[in-house]
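**Q** These are the residues of each chain, in order.
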Amino acid sequence: MTNTGGAKCEISMTVNGERKTVRAYPMERLLDVLRQQLGLTGTKEGCGEGECGACSVMMDGALVDSCLVPVLQAQGAKVVTIEGLGQDARACALQETFLEYGGAQCGICTPGMILAAVHLLREKPEPTMDDIRLGLAGNLCRCTGYVQIFEAVAAAARRGVAR
Amino acid sequence: MKDDRIVGLSAPRKEGRDKVTGRARYIDDISLPGMLYGATVRSRIPRGKIKKVTFGPGINWSEFVVVTAKDIPGKNYIALIENDQPCLADGMVNHPEEPILLLAHADRHALPKAAEAVSIEYESLSPVFTIEESERQTETIWGADNTFKTYLIQKGNVDDVWDKADYIVEGEYTTGAQEQLYIETNGMIAAFDAERGVTVWGSLQCPYYVHKALMALFDLPETKVRVVQTETGGAFGGKEEYPSMIAAHAALLAMKSGRPVKIIYDRAEDMVATTKRHPSRTRHRTAVRKDGKILGGEIELTIDGGAYLTLSPVVLSRATIHAGGPYEWPAIRVRAKAVATSAPPHGAFRGFGAPQSLFAMERHMDRIARAVNLSPVEIRCVNFLKHGQTTITEQTINEPIDLRGMVDRALEYSSYREKKQRFARENESGTTRKGMGIAAFLHGAGFTGSGERYLSSVVGVEGTAEGRVRVLVSSTEFGQGTNTVLSQIAAETLGLPYEDIEIAQPDTTEVPNSGPTVASRTAMVVGKLVASAATGLEQTLTASGMLGTTHTAAEFRMACRAHVAAHGQFRSLARYDQPANIFWDDKNYRGEAYSAFAWAVYVAEVTVDLTTYSVSVDDFVALQEIGRVLNPVLARGQIIGGVAQGVGFALYEKVEWRDGRMQNGQMTNYIMPTSADVPPIRVFFEELGNTHGAYGAKGIGELPMDGPAPAIVNAIEDALGIPMDSIPLLPEDIFDAIASASKRESDARSPAGVR
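One line per chain: the protein sequences are A and B, in this order. Positions 8 to 170 (the numbering used here) are the ones given, in order, by the first sequence. Positions 519 to 1273 (the numbering used here) are the ones given, in order, by the second sequence.
Chain B on its own, in the form it takes in the complex (with noise of 0.2 Å):
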C-alpha cells in the first residue's frame, strides 16, 4: 500500500479558479450560431380537460415555431419509473403548471408577450389540494386510489407491547414543502440534426436520465441522443428529473425549427412549476418502559407527491426506511404512502424523505422524553442502536457505532448543559426566551437495498496521450465537489500528483454511465470505483512491463504515453459489484437497506423573541461520523451549506399554495437565510471508516440536511415550554402557538396522550 498522500487534504476544488475568475461558463453563458430562444406555455387551471387553444391577435405567430403534443415523434412522457407524466399535455392537465405548448423565437424578448397571447379553454374538473382530501379520496385524480405507492416494515410483533407500556406517547408531526433555489436557474440548448439525432447542453445531475427520457421521446437509439452537462450551479435534487423535461421541451423546439434553442428559466417559473421536497405528515404511537426504552410503535407516514409519480416512491422508500431514526426498536411498524394531488409533482431534495420522517423521530422523541420524564439527552442515550443490534429492517449494525459518545462530545462542544441550567433561570424574565436542542439522526449512503446492483454502475479512467490521466464518469459537478474528490481518489491510487489528474466533462458520448448524482453515492461508490479503474489501468502497465511495480509519476506517465503511442486509447474500465453480503428483500422491506450509515448529533441554541416572534439560532453544533474524511474543507463546506438549508426548512421557507399553485415563487417573499441569518456553525467529525467505500468514505451531503429542524425546533420547545410540531415556523406561527399556548400544554398533558 502507498501512504495516503491526498486523500484527506484540502485538495483545492479542481474547477474553482474558473468559478472564481468568472471564467466558468454556464448554460445561460453559451449561444450557438442562428439559435433561437424557446418559452413554455403552461396551464392555469389545477385541473381539467383542454377544449380549445386560440392564438390571440396581436402578435405576428408566422415568425414563432409552436411545438403541441402532437409534434412528438416517439412517446409523450418523461420516462422515469412509471412513465405518466407528459412531456405535453395532450387533452387533460393535471396540475396548474402543466406544459400546453412551446414557443421560440430569435428574439427573446418577444416571447413573454406571445405566451400571455395564447387562451386555452378548459373543462375544468374537481382537483386535490391536500393530503387529507387525496386519502378522502373526494376525487380521484390518479390511478385506482390516489395512491402511488404504499410500504410496510413489520419488526416484531407490535400488537404485544402495548400492555406492556408504561407509557403510550402519540404525537403527529408536518413539514412542508421547500424549494431548491439552486441560484442559478434550470436552463438547456439543444440542437436536432436529422443524421447525428438530438443533443443537449445544461444545467443537470443526471446525464443519463436525460438520455433516457429522449430517448423515448424521438425514438432514437442511445448513439442518436448525446447529453452534455455545462457547469451547474447549485442543484440540491432540484435538478435530478426536471432537466429532462426541459431538455425535452427545447429538443422539441430545435427538431421544428431546424435551429438551435435555448429554454432559460426566470426564477418565479424555476420555483413555482419546478419540483419541490415533499410535504409530508407522520404520526407516531409509541409505548415505551418508564426507564424511557422504547418497546415498540407504530408510525404513519404520508407524503404528498403532487400530480405524477416521478420519484415519489424512491422518496417515500428513503423516508420509510429513515422512519425509526437512530434507535433500537425491539418491534415496530411503519406504514408509509405517497398519495396524488393537483400540485406540479414535488420532486428530489437533499436528503430525499429523510427530513421528514427524521424532523418527526426526533421531535417524537423530546415528547416521549416528557412524557417519561427523562432529559432529551437521556431518553435517545437509552435507546440509541450499538453495535449488533438491528434497525428497523433488521439490519445488524456490524460498522463501528458510537452515538453515545458522540452526544458526549456534542453536548461538551455547545457547552448543553450549563446553558440549559442558565436559560432556564434566565427565562423567567425579559422580551426574550432561550432554548438548546439536540437531534440524534443517520443517513443511508448510496442507493437503498437492491439499488445499487440494479444500477450496476460503471466508470472508466483513461491514460491520455500526454502521459494524464482523466476521469470518465456521468457523475456531475454542482458545487459538492464530485471533481475534486474523485480527482483525489484517482491522484491517490496511482501515486500521482492531483495536478495530473483530469475530470472529463460529462457528455453520455464520452463517459459510461456511473448512475445518477445523487444519494449521497458519489464519493463512496463511484469514488471507490474510481480507485479500481485507476488500479486496472496501472495494472495494464505493470503486466505489459511498461511499468515496474514500483514507479515514480515521472515513469508511470511515460509509460502511459508510450501504452496510447503503441495501442491506441488507453482506457480502464469498473463495474460495481455488490458485496455478496448485502441482502434485500424488496417485497418485506427487509434486510440491508444501506451498505453504510452516516451517523450525527446536532445540537441548536436559539432565542426566541416575545416581541417580534422572531427565532434567531444562536450557535450550532453539527458533529457526524461519515467514515473518512476525504477532503476536509470540503466535507465542512457540504456540512456547512446542509445545516443553513436546515435552518431555512425549519426558520424561514414556507410554500404559499392556492389552488395547487406556489404563490410566493418570488426570492423577494419566499425566504431563504442570508449571511446575516446563519448561525456560528460549527462541524466537528468522527472518522470511524468504512469498509464499503473509497478510502473508507461514507456518504455525506444529504446528512447535515436531516437534524438542523428538529434540533431548532426541539430548542424552541425548550425555550417556551410549548410543543410545536409543524415546520416551517415563521414568526406568524410562533406568535399563533404562544398565543394559543394554554390550550397546547393542556393538550401535551392530557390523559389522551400520555398514559
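Next up, chain A with everything else stripped away, as it sits in the complex (with noise of 0.2 Å):
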C-alpha cells in the first residue's frame, strides 16, 4: 500500500517518450502513479513487494518492480511500459512469439513477462536456455509453467538474430 506521508509534490519524468508531470506523495509508489494518474494499466499489481514481477517496467533501461519505486526515484527517469512498446522491434517480435508458442494464458503477468524478455534480449541476444530461465526467474506466472514462455523468447531471439 502506498505511503501518503509528506506533502505532495510535482514529480516530472518521460513515460513511453512522453513528457510527464504528476503531482503525488514523494513515497508513492511508481506502479499506482502509472496506473490510476497516467492511466497505463498495463503494468499490473500482482503482489506489492516485489516478488511476482508483474509490474515489472524499466527504467533508465533497467527493469525494476514499480511497486518498490516510490515516485520521487523516477524524477527525470525515463519510464517504458508495456504500452510503450509499440515500436520496439524485439517487444513486437515477442509479443507475436507470445501468441504462437503460447506464452499468455491468463495474461495478468504478461506485460512484465514481455518487459522483462525485452530487456533480457538487449543485454543477451542468443541467450541460451539456461539465460533465459535465469533471467525471468524475477516474473512469476501462475498458468504456463513457463516452459512456452521459454520457447516464445527463444523464437524471438532467433528471429532478432535472422533479422
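Keep in mind that the hints are not guaranteed to be accurate.
[As the list claims (entries may be wrong)] Reference listing, derived: stretches of chain A covered by chain B, where coverage requires no fewer than 3 residues with Cβ under 8 Å from a Cβ of chain B:
id: 1; segment: 53–62
id: 2; segment: 84–92
id: 3; segment: 95–107
id: 4; segment: 115–122
id: 5; segment: 154–162
Rather than coming from a laboratory, the hints here were simulated on the basis of the structure. Yeah, the Cβ is synthetic: ideal placement off N, Cα and C, and Gly gets one too.
Given two chains presented individually in distinct reference frames, assemble the corresponding complex, making use of the accompanying hints.
**A** Printed below as a string of C-alpha cells:
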C-alpha cells in the first residue's frame, strides 16, 4: 500500500517517450502513479512486495518492480511500460511469439514478462536456455509452467538474429 | 461431415493480442465515476462471540460508509450448498478471517488505518484446528459432530479378502493446504440502483454462482441482479466460490452509499482469507496376492473443510471416487468424510480432491511394490483397469483404454529403466542422490454422476447483423482457453473461418447459464453444446431456404444478415441432454460417475542434495490420453502449467498455520515455482477419442495436477530409500526424514506393516 506521508510534490519524468508531470506523495509507488494518474493499466500489481514482477517496467534501461519504486526516485527518469513498446522490434517479435507458442494464458503476468524478456534480449541477443530461465526468474507465472514462455523468448531471439 | 479444419489446430488465443499488448482490462484496471473503495474488517480470533464493536478515535468516521450484517436486505448467507456461511458475522465468528463489517471511502489510502481503528471485543470459544481434534470432538463447532459430509463406497466383499492375502499393506498419507496463487488477486466493482437492482463486475469463474448469491442476499428477482465477468488473471478453482462473498460485500457498500464501490484484495488478504486446497489424510489397508494382484482393501479418507461447509461435499465426492486410482479392485470399501475446523473454509483448487486421494493411492502403490518385491512398474501393470472391467463405483470401462501401452511409452521417453539402474550405482557415493518415480492416474471429466443432468446447461449461438457468429456462454476464460476452444468448435461446426466467431462477454443479462467453469467440463460438455447450438443455427437457415445445404462462408454470412434483417435477433439454444445409458445411484455412490475419464502416466526424475536437503526435478515426462486434442498449443500449456503447480504442491508450497490462520500470506515466504525451478516438462498425448465430448474431447484442465506430486515423491523414495508420505516436502522435511531414516526403515519392514 502506498505511503502517503509528507506533502505532495511535482515530479517530472519521461513515460513512453512523452514528458509527464504529476503531483504525488514522494513515497507513492511508481506503480500507482502509472496506473491511476497516467492511466497506464497495462502494468499490473501482483504482490506489492517485489516478488512477482507483474509490475515490471523499464526505468532508464533497467528492469524494475514499479511497486518498490517511490515515485520521487523516478524524477527525471525515462520510464517505459508495456504501452510504450509498440515500436520496439524486440517487443513486437516477442508479442508475436508469445501468441504463437502459448506464452500468455491468463495474461496478468504477461506485460511484466514481456518487459523482462525485452530486457533480457537487449542484454543477451542470443540467450541460452539457462540465460532465459534465470533472466525471467524474477517474474512469476502461475498458468504456464514457464516452458512455453521460454520457447517464445528463444523463438523471438532467433528471429532477431535472422533480422 | 465436413473435413475438420480448425479443431486440432493451434488457433491463436482469441483474446491473446489484448493480453500481450497490455490492453486487456482486468477489474482493477476499471474505474466508474464517483466510485468508492471498500475494505473488509475481519475477525482476528478463531472462534467466539462478538461482544462489542468500537469505532476508535483519530478517524473521521462521518466520511466512511459502514455496513454491518443489519444492512443486509435479504438472507445473511452466501448461497451455495448448505447456506451456512454468513456474508457478515452476526454475533458469532467461526474462523480468524471472518468478515464482520465493511468500510468504504473515496480515498483507498484512507481505508487501512480506519480498518485498524475498528476494535472488536469477543468472548472466546474453544476452536478446533486439526482433523484429529475435529474427529475427537474436543469441541463441537459445526452441526452435531463436526462432520460436513460422509460417503461410503462398497464394492464386493472386503471382509473376505484378508484371509486370502499373502500381504496386507498399510499406509497413511497426508497432503497440506495449497494456495491457488493466481497472479491477479480477487476484486469486484458493484453498483446499485433502486430500479435496476445490483450489478457487479469482477474477476470470477462462475457468473451464475454470484448471481444466485446476490439474489438471496438482496432478496431480488433474477432480472434485478446482473453479474459480468471481466478479464480474469488466473483462477484455478480459487475464484469458483469466494467471488460471491466479495461481490456481496461490494454490492452492500454500493447500496448503502449510493455509489459504485470497488474492492480489490491485496496479496496478503487474498492468500490468508480466501479458500485453499483442502488438507487431507488418507489411510490405506490393502490385501495383496504374492503376484502383486490387489484382492481388495479399505481406504479411509478425511479432508479438512475449514469453518463452513461451502463446497466440501463436492470436493470430497471427487476425492472419494478417485481414491482407488486407475486400478481394478475386486473388493473395496472407501469411507470418506469432510470435517470442520476453525480455519477459513477450504475450497476448490484444480483437481478438486483428486490430487489428495491420488497422492495417497500412488504412494501406496510403491509401498505395495516394496512389500511384494515387485517394481513400481510391475505392480501397476498387474492391477491396471482394462476394457470391460469396472471402477470402484462399478462403472464399466467401455471406452478405449491402454494404460499398459502408455506405461511403455512413458518409460521409453523418460529412459526410466536405464536411468534407474545407473542412479542405483551412482547413488553409492557422492553428495547427491538421484531417483526415478512413476505415477499412473485418471481424472473424470465433467460433473459427477447426475450432476450434469441437474445443471442442465444451456448454450446459445447467435448469428449477428454483421453476418458473424457469437457464442453465448457463462463459461469463463481465465487463461485456460475457453474463448479459443469454443470458437474453434463453432467455426468447425459451421464451416466458417475462426476469425468469424466472437465470444460474448459473460454477462448474466446476455448469456444463458452454461454451468460453472469448473470440473474440466468446458471443452467436453459445453463444447458439445456449442456444436449443437451452432448446428441449430445452420439448420434454421437451411430450413428457411436462406442457405443451401452446402455453402461457403460468404453465403453463410449473407444468410445470417438476411435472417436478422427479416426476423430480428437470431439465436439458437442447446440444452444438455444426459446420455440415456448413464446411471448413477447417489445414495450408494454406485454407477457411472463420469461420462469420460482421462488417463495418464507421469515420470519424474529428481536429485536430492544431501548438503542442502533440497530436491530438484531434473526431467518430467507427462503422457496422457485426453481424447481428441482440440488445440495442441493450449492443451500442452494446460499440462505444463498443471505439472508446475504439482511441483509446488510436492516440494515448495507450505501453508504455515497458527491458530487457524495462515502465517505466511506473502509471496516472499509462501514459495511457488519460478522459471529457475521448473524441470523440462515434456508433454505427450494419446488420442483414443471420446464419444461424449465435442469432437472427441475429454476434460484436460485438472488432470495434470493429480500426478506430479506422487511421481516426484516416489522418485525421492527411489533416491533415498526412505518413504515419505506427507507433502509438501521442503528441505527441512527431507532433513527430518533422513535424520530419522533408520527408524522409518525399520517401521517399513516391521511385521506390523507387512505380513
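**Q** Each of the hints needs a verdict: does it hold here or not?
**A** Status of each hint after checking the structure:
Only when three residues or more bring their CB closer than 8 Å to a CB of chain B does the claim for the segment 53–62 of chain A stand; here the count is 7, and the claim holds. With 3 residues having a Cβ less than 8 Å from any Cβ of chain B, the segment 84–92 of chain A passes the three-residue criterion, so the hint holds. Counting residues of the segment 95–107 of chain A whose CB falls under 8 Å from any CB of chain B gives 5; the rule of at least 3 is met. Check result for the segment 115–122 of chain A against chain B: holds, 5 residues qualifying (beta carbon to beta carbon below 8 Å, three or more required).
Residues of the segment 154–162 of chain A lying with their CB closer than 8 Å to a CB of chain B number 4, which satisfies the three-residue condition for coverage.
In the structure shown, no violation is registered for any of the earlier numbered hints.
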